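Number of protein chains: 2
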Amino acid sequence: MGKVYTAATVSLDGFIAGPDESGFDRLFRWYGNGDVEVPSANPDVQFRLTKENAGVFVPMIENTGALVVGRRLFDLTGGWGGRHPMDRHVVVLTHSVPEGWPEKGENFTFVGDGIESAVATAREIAGGRDVGVNGGTIASQCLEARLLDEIWVALAPVLLGAGRPYFDELRSAPLDLEGPLTVLDAKDVTHLRYRVRYP
Amino acid sequence: MGKVYTAATVSLDGFIAGPDESGFDRLFRWYGNGDVEVPSANPDVQFRLTKENAGVFVPMIENTGALVVGRRLFDLTGGWGGRHPMDRHVVVLTHSVPEGWPEKGENFTFVGDGIESAVATAREIAGGRDVGVNGGTIASQCLEARLLDEIWVALAPVLLGAGRPYFDELRSAPLDLEGPLTVLDAKDVTHLRYRVRYP
Numbered sequence: 001m002g003k004v005y006t007a008a009t010v011s012l013d014g015f016i017a018g019p020d021e022s023g024f025d026r027l028f029r030w031y032g033n034g035d036v037e038v039p040s041a042n043p044d045v046q047f048r049l050t051k052e053n054a055g056v057f058v059p060m061i062e063n064t065g066a067l068v069v070g071r072r073l074f075d076l077t078g079g080w081g082g083r084h085p086m087d088r089h090v091v092v093l094t095h096s097v098p099e100g101w102p103e104k105g106e107n108f109t110f111v112g113d114g115i116e117s118a119v120a121t122a123r124e125i126a127g128g129r130d131v132g133v134n135g136g137t138i139a140s141q142c143l144e145a146r147l148l149d150e151i152w153v154a155l156a157p158v159l160l161g162a163g164r165p166y167f168d169e170l171r172s173a174p175l176d177l178e179g180p181l182t183v184l185d186a187k188d189v190t191h192l193r194y195r196v197r198y199p
Numbered sequence: 001m002g003k004v005y006t007a008a009t010v011s012l013d014g015f016i017a018g019p020d021e022s023g024f025d026r027l028f029r030w031y032g033n034g035d036v037e038v039p040s041a042n043p044d045v046q047f048r049l050t051k052e053n054a055g056v057f058v059p060m061i062e063n064t065g066a067l068v069v070g071r072r073l074f075d076l077t078g079g080w081g082g083r084h085p086m087d088r089h090v091v092v093l094t095h096s097v098p099e100g101w102p103e104k105g106e107n108f109t110f111v112g113d114g115i116e117s118a119v120a121t122a123r124e125i126a127g128g129r130d131v132g133v134n135g136g137t138i139a140s141q142c143l144e145a146r147l148l149d150e151i152w153v154a155l156a157p158v159l160l161g162a163g164r165p166y167f168d169e170l171r172s173a174p175l176d177l178e179g180p181l182t183v184l185d186a187k188d189v190t191h192l193r194y195r196v197r198y199p
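Those protein sequence lines, which keep their order, are chains A and B. According to the working numbering, the first sequence holds residues 1 to 199 in order. According to the working numbering, the second sequence holds residues 1 to 199 in order.
I should point out that these hints are in silico values taken from the structure, not numbers from a laboratory. Small disclaimer: the values here were computed from a predicted structure and weren't measured. Possibly wrong hints are sitting among the right ones.
What the hints assert, rightly or not - A few chain A residues that face chain B, going by a derived Cβ cut-off under 10 Å, partial list only: (1) Leu-12; (2) Gly-18; (3) Asp-20; (4) Gly-23; (5) Leu-73; (6) Thr-77; (7) Gly-78; (8) Trp-80; (9) Gly-81; (10) Leu-143; (11) Ile-151; (12) Pro-157; (13) Phe-167; (14) Arg-171; (15) Glu-178.
The beta carbon of each residue, even a glycine, is placed where N, CA and C say it ideally should be.
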């Protein structure tokens, strides 16, 4: 059975977005500072990675069978225009199916009965592959429900000062992690991967 | 001339202390998980480091000539009983000299006229060696005043959920960093060192 993981690019002071959704140009420099073109299913999203960064990013995508996202991230991206850049099935945890969906994107499923159900649905779709969980709020919910196996952090060399923290409203803290299982210092980012140790 | 740096052990979610000053047992596992005894000038503070961690910690202390700390950290530690564990002169930035001091600790200087003055005083005491700046609030002040050269993070594999962030009230963000200049993955901690790039 595949892993359930969350992955995010985080500033050194712990934010996945600066104030008013700023700072993405700084956080995501590593998405565009190389020569390796990584195909994106969404024409609005382009990846040009260094060889090292592609060596982390490409296997992550290839090993991922489905995604679970929160309604906030879905709305923020406009449902990725109906197709996620990773070209994977997306399970959206939401109390209400947004207007016009799922007709606007065939690879989208809307689940209203909780994080356990959303992850179970994604696991089924993923077959034996991994399930990726985003963003921070939904990852926190996954942690509370003891469903999250691994946390992948792409640590960006920037201080954002304020904004949206990776894990917010984490009631089950403190929580020990195992690792980093891997450390890779690449251009404009340091990749760290941890396993969650539930008490 | 030596560097001005700040160093802290930080949780993966960006906190140097959990709620109500908790979490230190988890953050500072690396202070006591090895066989290398590192002398402390303060009998209440013991360091037993792994060889790798000592290889980061000992040179940091040896290269440091003086420290600048805020009044909050000074009060929280009770002025380290009059002698800092690193056995270095401590410059305390405070509006008022606390009662009984500096008589209680001869290696303490109290500076009331701002962060520039505190750092200049510490630089003079340090001779050509480095100046260490702690904790987060005073390090933020140092950043605002463009006095901080480097940020050293000892990243602990734990989520604290809430608490005291490393850099708080950072008004000059976003701020780009250079690095990590060094990465060392050791037992219960990953050491990362960054240089500040002022715009």
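Going through the hints against the structure:
no.	hint	in the structure
1	Leu-12	6 Å, holds
2	Gly-18	6 Å, holds
3	Asp-20	12 Å, violated
4	Gly-23	6 Å, holds
5	Leu-73	18 Å, violated
6	Thr-77	22 Å, violated
7	Gly-78	25 Å, violated
8	Trp-80	26 Å, violated
9	Gly-81	28 Å, violated
10	Leu-143	8 Å, holds
11	Ile-151	7 Å, holds
12	Pro-157	4 Å, holds
13	Phe-167	5 Å, holds
14	Arg-171	7 Å, holds
15	Glu-178	7 Å, holds
Checked against the numbered hints given earlier, this structure breaks hints 3, 5, 6, 7, 8 and 9; the rest are met.
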